[in-house]
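Starting from the known structure of chain E, arrange chain L on it as the hints suggest.
Protein chains in written order, with full-length UniProt numbering: chain E, 1 to 577; chain L, 1 to 577.
One or more of the hints may lead you astray.
The list treats identical chains as one, so a pair stands whether inside a single copy or across any two.
Stated by the list, open to error - Heads up, simulated EDC-like pairs for lysine to aspartate or glutamate below, C-alpha to C-alpha not over 16 Å straight-line:
id, residue 1, residue 2
1, K97, E142
2, K314, D198
3, K348, E332
4, K34, E121
5, K5, E121
6, K48, E68
7, K34, E19
8, K5, E68
Since the hints were derived computationally from the structure, they do not count as laboratory data.
Number of protein chains: 2
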Amino acid sequence: MHASKYHINTLKEAPAEAEVKSHQLMTRAGMIRKAAGGIYTYMPMGLKVLRKIEAIVRDEMNKAGAIELLMPVVQPAELWVESGRWEQYGGELLRIKDRHNRDFVLQPTSEEVITDIARNEIHSWRQLPLNFYHIQTKFRDERRPRFGLMRGREFTMKDAYSFDRDEASAQASYDAMFEAYMRIFGRLGLEFRAVAADTGSIGGSRSHEFQVIADTGEDLIVYNPASPYAANLELAEAPCLIAERGPATENLAKTATPDAPKCEIVAEQLSRPLTDTVKCIVLATEVEGKPEETRIWLLLLRGDHELNEVKTGKLPGFENGYRFATEDEILETFGCIPGYLGPISPVKPITVIADRTVANMSNFICGANEQGYHYTGANWGRDLPEPQVSDLRNVIAGDPDPQGGNLALQRGIEVGHVFFLGDKYSKALGATFLEKDGKPAMLQMGCYGIGISRISAAAIEQNHDDKGIIWPLAIAPFEVVICPMGLQKSETVRNASEWLYQELQAAGVDVILDDRDTRPGIMFADWELIGVPLRITIGDRGLKDNVLEIQARRDDSAAKVPVEEALSHILDRLKSL
Amino acid sequence: MHASKYHINTLKEAPAEAEVKSHQLMTRAGMIRKAAGGIYTYMPMGLKVLRKIEAIVRDEMNKAGAIELLMPVVQPAELWVESGRWEQYGGELLRIKDRHNRDFVLQPTSEEVITDIARNEIHSWRQLPLNFYHIQTKFRDERRPRFGLMRGREFTMKDAYSFDRDEASAQASYDAMFEAYMRIFGRLGLEFRAVAADTGSIGGSRSHEFQVIADTGEDLIVYNPASPYAANLELAEAPCLIAERGPATENLAKTATPDAPKCEIVAEQLSRPLTDTVKCIVLATEVEGKPEETRIWLLLLRGDHELNEVKTGKLPGFENGYRFATEDEILETFGCIPGYLGPISPVKPITVIADRTVANMSNFICGANEQGYHYTGANWGRDLPEPQVSDLRNVIAGDPDPQGGNLALQRGIEVGHVFFLGDKYSKALGATFLEKDGKPAMLQMGCYGIGISRISAAAIEQNHDDKGIIWPLAIAPFEVVICPMGLQKSETVRNASEWLYQELQAAGVDVILDDRDTRPGIMFADWELIGVPLRITIGDRGLKDNVLEIQARRDDSAAKVPVEEALSHILDRLKSL
Numbered sequence: 001m002h003a004s005k006y007h008i009n010t011l012k013e014a015p016a017e018a019e020v021k022s023h024q025l026m027t028r029a030g031m032i033r034k035a036a037g038g039i040y041t042y043m044p045m046g047l048k049v050l051r052k053i054e055a056i057v058r059d060e061m062n063k064a065g066a067i068e069l070l071m072p073v074v075q076p077a078e079l080w081v082e083s084g085r086w087e088q089y090g091g092e093l094l095r096i097k098d099r100h101n102r103d104f105v106l107q108p109t110s111e112e113v114i115t116d117i118a119r120n121e122i123h124s125w126r127q128l129p130l131n132f133y134h135i136q137t138k139f140r141d142e143r144r145p146r147f148g149l150m151r152g153r154e155f156t157m158k159d160a161y162s163f164d165r166d167e168a169s170a171q172a173s174y175d176a177m178f179e180a181y182m183r184i185f186g187r188l189g190l191e192f193r194a195v196a197a198d199t200g201s202i203g204g205s206r207s208h209e210f211q212v213i214a215d216t217g218e219d220l221i222v223y224n225p226a227s228p229y230a231a232n233l234e235l236a237e238a239p240c241l242i243a244e245r246g247p248a249t250e251n252l253a254k255t256a257t258p259d260a261p262k263c264e265i266v267a268e269q270l271s272r273p274l275t276d277t278v279k280c281i282v283l284a285t286e287v288e289g290k291p292e293e294t295r296i297w298l299l300l301l302r303g304d305h306e307l308n309e310v311k312t313g314k315l316p317g318f319e320n321g322y323r324f325a326t327e328d329e330i331l332e333t334f335g336c337i338p339g340y341l342g343p344i345s346p347v348k349p350i351t352v353i354a355d356r357t358v359a360n361m362s363n364f365i366c367g368a369n370e371q372g373y374h375y376t377g378a379n380w381g382r383d384l385p386e387p388q389v390s391d392l393r394n395v396i397a398g399d400p401d402p403q404g405g406n407l408a409l410q411r412g413i414e415v416g417h418v419f420f421l422g423d424k425y426s427k428a429l430g431a432t433f434l435e436k437d438g439k440p441a442m443l444q445m446g447c448y449g450i451g452i453s454r455i456s457a458a459a460i461e462q463n464h465d466d467k468g469i470i471w472p473l474a475i476a477p478f479e480v481v482i483c484p485m486g487l488q489k490s491e492t493v494r495n496a497s498e499w500l501y502q503e504l505q506a507a508g509v510d511v512i513l514d515d516r517d518t519r520p521g522i523m524f525a526d527w528e529l530i531g532v533p534l535r536i537t538i539g540d541r542g543l544k545d546n547v548l549e550i551q552a553r554r555d556d557s558a559a560k561v562p563v564e565e566a567l568s569h570i571l572d573r574l575k576s577l
Numbered sequence: 001m002h003a004s005k006y007h008i009n010t011l012k013e014a015p016a017e018a019e020v021k022s023h024q025l026m027t028r029a030g031m032i033r034k035a036a037g038g039i040y041t042y043m044p045m046g047l048k049v050l051r052k053i054e055a056i057v058r059d060e061m062n063k064a065g066a067i068e069l070l071m072p073v074v075q076p077a078e079l080w081v082e083s084g085r086w087e088q089y090g091g092e093l094l095r096i097k098d099r100h101n102r103d104f105v106l107q108p109t110s111e112e113v114i115t116d117i118a119r120n121e122i123h124s125w126r127q128l129p130l131n132f133y134h135i136q137t138k139f140r141d142e143r144r145p146r147f148g149l150m151r152g153r154e155f156t157m158k159d160a161y162s163f164d165r166d167e168a169s170a171q172a173s174y175d176a177m178f179e180a181y182m183r184i185f186g187r188l189g190l191e192f193r194a195v196a197a198d199t200g201s202i203g204g205s206r207s208h209e210f211q212v213i214a215d216t217g218e219d220l221i222v223y224n225p226a227s228p229y230a231a232n233l234e235l236a237e238a239p240c241l242i243a244e245r246g247p248a249t250e251n252l253a254k255t256a257t258p259d260a261p262k263c264e265i266v267a268e269q270l271s272r273p274l275t276d277t278v279k280c281i282v283l284a285t286e287v288e289g290k291p292e293e294t295r296i297w298l299l300l301l302r303g304d305h306e307l308n309e310v311k312t313g314k315l316p317g318f319e320n321g322y323r324f325a326t327e328d329e330i331l332e333t334f335g336c337i338p339g340y341l342g343p344i345s346p347v348k349p350i351t352v353i354a355d356r357t358v359a360n361m362s363n364f365i366c367g368a369n370e371q372g373y374h375y376t377g378a379n380w381g382r383d384l385p386e387p388q389v390s391d392l393r394n395v396i397a398g399d400p401d402p403q404g405g406n407l408a409l410q411r412g413i414e415v416g417h418v419f420f421l422g423d424k425y426s427k428a429l430g431a432t433f434l435e436k437d438g439k440p441a442m443l444q445m446g447c448y449g450i451g452i453s454r455i456s457a458a459a460i461e462q463n464h465d466d467k468g469i470i471w472p473l474a475i476a477p478f479e480v481v482i483c484p485m486g487l488q489k490s491e492t493v494r495n496a497s498e499w500l501y502q503e504l505q506a507a508g509v510d511v512i513l514d515d516r517d518t519r520p521g522i523m524f525a526d527w528e529l530i531g532v533p534l535r536i537t538i539g540d541r542g543l544k545d546n547v548l549e550i551q552a553r554r555d556d557s558a559a560k561v562p563v564e565e566a567l568s569h570i571l572d573r574l575k576s577l
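If we strip away everything but chain E, and leave its shape as in the complex, we get (with noise of 0.2 Å):
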C-alpha cells in the first residue's frame, strides 16, 4: 500500500468524551470515527486490525474442528420468548417491531437462534458432536455507552456452540475450544490469562474466562504467581486465614466507641488491630409479590475484608436475588442504627452467616446493637451460637492459596469466555436426538465467545506509551512502514524506497510506503501514533553511506544497516518481535 493512495488521518486531540486510552488512542490513530454513542465506524486501519483478530480466530476455530455459518443480526421474538430470555434480559436486549409490528431483537447473541437449529439439524448420536460458530455484528444496547470499543454498542464477537452426546463428550468439547483460545490469543501477541469465572447470566455450570492483563481493565483476577491457578476475582475462593479458633479468654465488654461507625475507627479508638474487628452486612431477600416473606440476613466478615457479591448470590436462600437492607428493616430488626450493629442480641431472630475466617475468630470486637457502643471479648459458642459459615469474602493479595504459595491480584480485560452450558437452552427449546438405542436424550451444549472488536482495545490498553500505540505484531494495521525522507526530491532516495517496498511485498510482509509530502516529524509521530510495530527510514544521508534505518516501535534508538543486508535484516527482526 502507497500512503498517497490509502486514508490516513491522524488527529491531535482525543474527543473529550474518550475516557480510556484505547478510545483516544484509537480515534487519534483515525481507526474509528463515531457514528453514534457507542457505535463506531471502523476506518479503514481499524478494519485490518479488526481482520486480522478475526482471521486467527477463525483459523484456530477450523484448526478446531469448528463449523462456520452466519446466523442473522435480527432475530424473532418467539425463540427468545421460548428461551425465557425475553423477559429475563435486561434493557441491554434491543427490542424492536418491523413494519407489520412483530418483535423482533438486535441479536447481542445467539444461543436460541442456533439451538433452533440444532433441534431441526440434528436427529442422530451419528452427527455429534458438533461445534457451529459465526463472525457477526452484536448489539448491546448499553445504558451509558462508553470508552469506545471496550464496551460499544455494536461490536463484533465470535460465538460458536457445541453440542455433545453426554456430559464426558461436552466436556471434551469444551476442553478443544479452551485449548483452541490458548492458542489464539497467544497468537495475537497478547500477554493474557485464562480464569475460572462465574457462569452470570448465560447459565450453566463451569467457565473460564481469558483476561488480557492490563491495569485499566475493569476485572480482577486472583492468581497465584507460583502456579496456573487463576480465577475472577468474583469466583476466586478466599481462604479461613485463622487454621484453628483460639480460646476465649477475654470477658466481653461493652464498650463506649462515639462516633465509631466504622471498624477503623473502632480499631483505632480502641488500639487494636483492624483484624480483631468484625464487620456487619444486612441484607434481606424477598418473594415477589409476598411482602411477609422477606427475610433479613446478618453477614460478618473480618474488619479489614470485603464482600463478594456473587458469592452472596449464591447462598442458600437467595436464589431470586437479594439487596441491603432498609434503615428502616435495620432499626427493626437491630433496634439500632447502622455502625454499631452485631451479631448478639438482635432485636428480632435472624439467620447470621460468617465468613470463614469469622469463624476462627476468638475475643472479636463487634457492634452492640447501641449507638455508640461496641463489644470486645467476644467469642463464639459463649456470647452467640455458632453461626452459620461460608466464603463471602474477596480474596486480598496476600492471602494463601491452600495449594501452597500466597495469592496474587492483577487486572485484565475479558476478551473471551467459555461456558459448559449443560442442557440448559437445549431444555427450554427441546432440542433433542436420538441415542443409540432409539431413544431421545437432551443435547449437551456448551458456548464460547470471543470480543472480536474488544481484543483491539484491549491490546492498546496493555500495549502503548506516550507517543501512540504498540501493536503486537500478528494484529497491526501494518507490518512496516517505510518512511523515506524527501522521496518527492530525491530519485535515489524514491528509487530505494520503492525496491524495498517491492522486496518486502514479495515477501510477504504487510508493508505501507509512507509517499505523502509530509515532514520528517510529523511522518514519524504519525506512524509512532498508529503504532506499526517496524519503522525502516530512508534518506539521501543514509544512502551515501549505503545504509537505511530500522526501528522498532519499542526500540530507543535506530539500527543502521547496509542497503544490501536490509530485507534479511527486517525479515529477521520481524520474528523476533
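Here is chain L on its own, set in the frame of chain E:
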C-alpha cells in the same frame, strides 16, 4: 474437508413457501435456513459461497483503488433527517428506538454515514479522489419478503462511495467502478449484462445496472444482439416506428363499436390492424394541499404498445408524481366512461401527449368520447391539434435500433448498480473541501452497490437443472467432491481416496471427501443437489483396472482416468470449467 466432520443436511422437499428455484434449491441443499420471514441463517456451505463472492468483490475493489472500511448496521436517525431520507424513504426503512427512545435506522444503504465521514475527513483537494467501500449486513423491511435470498430483509451488500473534485474526475471514478464490475461479474462465472438504468430513489444523473441473465428475473432488459447496447426496459428509448406521417386519406367518421372498450376488440370489430388504433391513458398530477391545482393529462399510445411508467414520471409537470385519474375525473373531463375516450373534443380542455409513434400516425382509430363509438380516419392537424410529443412507451422485441439492427428483450436479475450522484448528498450534508485556490467546493459523489447474497441466488436461477444447483467454479461451496464407493469396507478405496484428497489439497483445490457411511445413490444425489462442479468416484472395481471416474456436474457421463493421471486430469478439467 471430510464430510463426516462437516454438516451436510439435504432435504427431499423444499418448503411450500419457496416459490423460486434458488430458494427451493438453497433450502434443499442445506445452504440456508429460515430464521424469520426474509431472514436466514447461512449454513456452512451457503456461507462458503457468500465468502467466495465477497473475496472476488473485495479483490477487484482493492485493485481498483477503493479502500475498505466498515460502517455500522445501526445508524443514527439525525443523518437520515439531514439528507431528507428519514421522511422520503418508505416502510422498507426499519426505524428503531434505543432504550433512551432515540431514533435509529437499520441501514439499507450508507450514503448518509459515508458523507458524514467525508465531511469530517476530507479537507483538501490533495486527498482526492477517494473511494470507500464496505461489505456489510443491510436491512430492508420488505412488506412481503419472499424468494429467499433474491429479496430478503437481512442481506449482505458491498457498497462503495467515491469522492471527487469535479464532474470529470467523478466520471473517471464511475468508469473505473464500471470496469471493476465487469471484471467482478466475469470472474464470478455468470452470464451478465451491464445495462443503462434509471437512478430511482438513490438519485443522481447516470446509472448502470449489472444484470445476471435468467428467465426468472424480475427485470426486462432491452439489448441489441448486434451491438453493445443494453438498457433496462424502464429506461430504454423507444424509437418512432413511423419515419414520416402519411397523408390524411380517410375522412373522420364516428363508428359504432359496441362493447369494445379495448383496442384489440375495436380492431377486430372494424377489421383493421391493431397498429391503426390509439390507446388513451388518463393521468392526474396534483400538488399536495392544493386540490385546485390537480391537472388531468391524456397520454396516447399505439394500440399494441404499453405505457412506460418511469418515462412518464419524468415528463415536465410530473415532478411531484402522478396517478391514474379516477373514474369521476374521467367522466368530468371527457363526458364518457373509460374504453371509448379519445383526444378529439373532450368536454374540458386537456394536455394531450402522444408517444412518438402515435404522433406520426395518420387515419388512426380512437375513442369518440361517447360510449360504444370510436372515430376512424382521425388525422393530426385536421381533426385535432398537433399534440405534445414524447417517448412514452416500452420497447418491444423487434423495434429497430436507431444505431442499426433490431432490439431484443431478455430477463435479468439486478445484482449490481453504479450511480453517478453528483452533489446530491454532499449538498444535503454540506460536505465540502478546499480547492487549490483555497475556496470551498462541493464533493462530487458516486455510489456503487453489489448484492453479495443476491448473487448466490441469481447464480442458481441461471445455473440449475432437475437434479439441483450447478455452481460456477469460482463460487462453488467446494470445487471437487471425492465420492468413495464403500470406503468403510475397502481399505484400498479409503487409501486411494485419502491420497487423492491430500494431493488435491496440496494443489490448492477446495475439495471435500465424502467419508460418510452413505449409499452411493444418496451420496451422488446429495452432491448433484449441492452442485459441486466436479465429482471424482473411486471404487474397488475401477481401482482393479487402475482407474477412477471424473464427472463434471454438467456432463452426461463420467470419464475413466488412470489413477496416476488423475491429479493432472482434474486440474486441467477445473481450468476448463
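Hint check results:
1. K97 / E142: between (19 Å within a copy, 13 Å between copies)
2. K314 / D198: Cα proximity of K314 and D198: one copy only (11 Å, versus 64 Å across).
3. K348 / E332: within (8 Å within a copy, 91 Å between copies)
4. K34 / E121: between (40 Å within a copy, 12 Å between copies)
5. K5 / E121: This pair counts as between: shortest inter-copy Cα distance 15 Å, intra-copy 48 Å.
6. K48 / E68: Only across copies: K48 and E68 sit 9 Å apart there, 21 Å inside one copy, limit 16 Å.
7. K34 / E19: Close inside one copy (14 Å), not across copies (42 Å); limit 16 Å.
8. K5 / E68: Classified as between; 12 Å across copies, 34 Å inside a copy.
Going through the hint list in order, the structure satisfies each hint without exception.
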